[in-house]
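Asks: Once you have looked at the hints, place chain B on chain A.
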Amino acid sequence: MRDTFVRTLLEEAEINSKIELVTGDLGFGVLKPYWEALPDQFTNAGIAEQNMTTLAAGMALEGKIVFTYSIGNFPTLRCLEQIRNDCAYHNANVKIVCVGGGFVYGSLGMSHQATEDIAILRSLPNVTVVCPGDLVEAKEATKAIANMPGTCYLRLGRGGEKRIHKYIKDFEIGKAVLIRTNKHETSPKIAVFSTGAILDDATEACNELEKKGINLMQYSFHTVKPIDKDTIRKCTLECDYIVTIEEHNIIGGFGSAVSEVMSEVDGKAKIIRMGINDEYCIRVGDQKYLREQYGISKGAIMRRIGDL
Amino acid sequence: MTSEQLAWKIRRHGIEMTHLSGGSHIGSIMSVTDIIAVLYANVIKYDPQKPKWEGRDRMILSKGHAGAAIYAALAESGFFEIEELKTHYANGSRLSGHVSHHLPGVDFSTGSLGHGLSAGAGMAYAIKKEHKNNHVFVVLGDGECDEGSVWEAALFANHYRLDNLIAIVDHNHMQSLDFCENTLELENLGDKWRAFGWNVFEINGNSHKELKETFSLAIDVKNQKPIVIIGNTVKGYGVTFMENDILWHYRFPHSGWEYDKAVTELHKNKPEGVEDPYTPNGIENPILPDDNADIFNDHTTSYTWKPSYPVKKERMSAKLGGEKF
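As you go down the protein sequences, you meet chains A and B in turn. For the first sequence, counting from 1, position 229 maps to 229 in the UniProt record's numbering; every step adds exactly one. For the second sequence, counting from 1, position 256 maps to 256 in the UniProt record's numbering; every step adds exactly one.
This list has only true hints and no planted wrong ones.
Dumping the calculated DSS-like pairs for lysine-lysine here, alpha-carbon to alpha-carbon at most 30 angstroms:
| # | chain 1 | residue 1 | chain 2 | residue 2 |
| --- | --- | --- | --- | --- |
| 1 | A | Lys32 | B | Lys225 |
| 2 | A | Lys189 | A | Lys211 |
| 3 | A | Lys18 | B | Lys222 |
| 4 | A | Lys229 | A | Lys166 |
Think of the hints as simulated: they come from the structure by calculation, not from any bench.
Bound conformation, chain A alone (with noise of 0.2 angstroms):
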């Protein structure tokens, strides 16, 4: 995912000299492509993520679209205030993009997790929220945010990350992408959103749950904010179940946007929110065992679905 980012804006910044990419210092070789075509867009900003933020926001000012680029918590909660004042506040043309979202860094232990990222920007006023689910949702929402004035954040995998969709038809930042609509009518009827690189181990437990003939409707919210009301409404009356899935903490990210949005209507869907029980992680393993570990994986999505 972050190779598809990578190239994907190095497409954008050869048509459009206003594009710079801000590192801090991280990217060894991932960015080497960009780095090497585009030399005067390119600035590695040190080991200094309060200045780099900052630093954008002060470029951007002055007509620059500048992507910040780090991992996990570094280029958004290290700097939250850098974030909060410089960057949204002046509505400014910034790009934050994580690499690393979720369980991504496993291995390297708690710091490298960003597990509460989510919650965190999407609560900042003036600042969109992407967390594209495969390959394609990240080239189509590089490509978008590339495109839009103000401040994003983008929130990607690593690398590895499965290609679900084959091509997505008119992407929309804030529009969630349907996977598929229900084909059996039996009841109850379960509608399935899950954002971020989760999308997965999402999609795999829909596929060996619809073979059971569990009538399942799918969505990838590559999109947390603004976030797609419309889909969520219509879920909301039809459906008896919606199920949220992130690979975050279970408090203030995806599963409560949608769950703001469901408790305004009046509809019948009940909320099953999946995701990162409020609490660190402690135990040591990649990102496929620590989703085993905290309840998301494939094997929990099925059995929490399949008890439905």
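Replies: Below, chain B alone, put in the same frame as chain A:
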């Protein structure tokens, strides 16, 4: 308007604005006034009719708590009506305590310390990338230099050779609760900036002559290094009882002797050709401080502190001439 006239006006507005609003930071407003006055009267390029004019120099007051000084300078320079200054802190006003960009002439909102130099570096960097000639001025506080992000920006500005970036430190030697040296030792401040690769000028930051000469040098020096002017100033400069008294970091001039004495002292030093919009002839029969007035007292934390932490104890003891606790 000369810089001396503008400085007097900023101080007079500052006293009135904090008096009316109950606002803080008059000591800081008074120390930075001469820097701001010289910048707006003699140094920075701007057009009050076109606040976003491309050819303007960029100006960031990183020590945003001295916002009243910038507001006064902008109003006196024609960006908005002087009358609006009276709305400082008020419901519905555009003049928040800390500087906001929702006001013509303000390039960047501040208030949380340690942000302005990074923003200025970003602007200076983008300006250089576009081969433009605008200068970026950033006014910092000395207490603000406690913030690590200031030094992140200092590293960046040197590395990217931002010689279009001019930082000015209002070195009034005091911060929120005490002198800087009793808080986090900051000296030698000039050497710190030199070690980060900057051109350093150390001057009297309340002297218009030194400020003008130094800004002139700073703009001309193009040796691939960013420039910092450390302006040694006096906190509360211009009103004797506010000078070097940390009380006036947060206290505003209350009605009675505080307001009357401040205005009267300013009137003693009013330059020719300046009109006071609030008390044109000064104050007749000003109220004087009585025996109970809290004036010329030491309000620092270290004055009353009896620490047991060994190093602090030694420092305190040395400060008080070897007195034992």
